[in-house]
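Build out the structure end to end from the sequences listed, making use of the hints.
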Amino acid sequence: MAERHLLLATYPLVVKRLAGFLLECSRQADFFDRGSNILTLAMDRKDIADYLGFAIETTSRTLKELEDMGLIQRLSAQRIKIDRDRIGAII
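Count the sequence shown with numbering that gives the first Met the number 0 and you get residues 0 to 90, in order.
Keep in mind that the hints were calculated from the coordinates and are not lab data.
Any given hint could be a false lead.
[As the list claims (entries may be wrong)] No farther apart than 27 Å at their CA atoms in a straight line, the calculated lysine-lysine pairs in the DSSO-like style are these:
{"#": "1", "residue 1": "K63", "residue 2": "K15"}
{"#": "2", "residue 1": "K63", "residue 2": "K45"}
{"#": "3", "residue 1": "K15", "residue 2": "K45"}
{"#": "4", "residue 1": "K80", "residue 2": "K15"}
{"#": "5", "residue 1": "K45", "residue 2": "K80"}
{"#": "6", "residue 1": "K80", "residue 2": "K63"}
Computed from a prediction, not measured in an experiment: that's the story for all the values here.
Pasting the structure below:
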């Protein structure tokens, strides 16, 4: 029960941290196409999880949540179409 409470209490922070990470990645011209709003990730989900201090399951679940919110659209494991304005608004 305490574990679930901790998860619910920290969940908004997880969403914001991952959203902020994606926004920061989109600022790098080598990885982001401004014309199509497509971000090509240089890391896989495990590396992103390690970088942010999350479990890989948390990273995958949070990417799904961002997609459900309409902030991103996963095109492949490495390519994500992002709505930078909306992501910026939540962080």
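request  = Tell me, in ascending order, the numbers of any earlier hints that this structure violates.
outcome  = Per hint list: zero violations.
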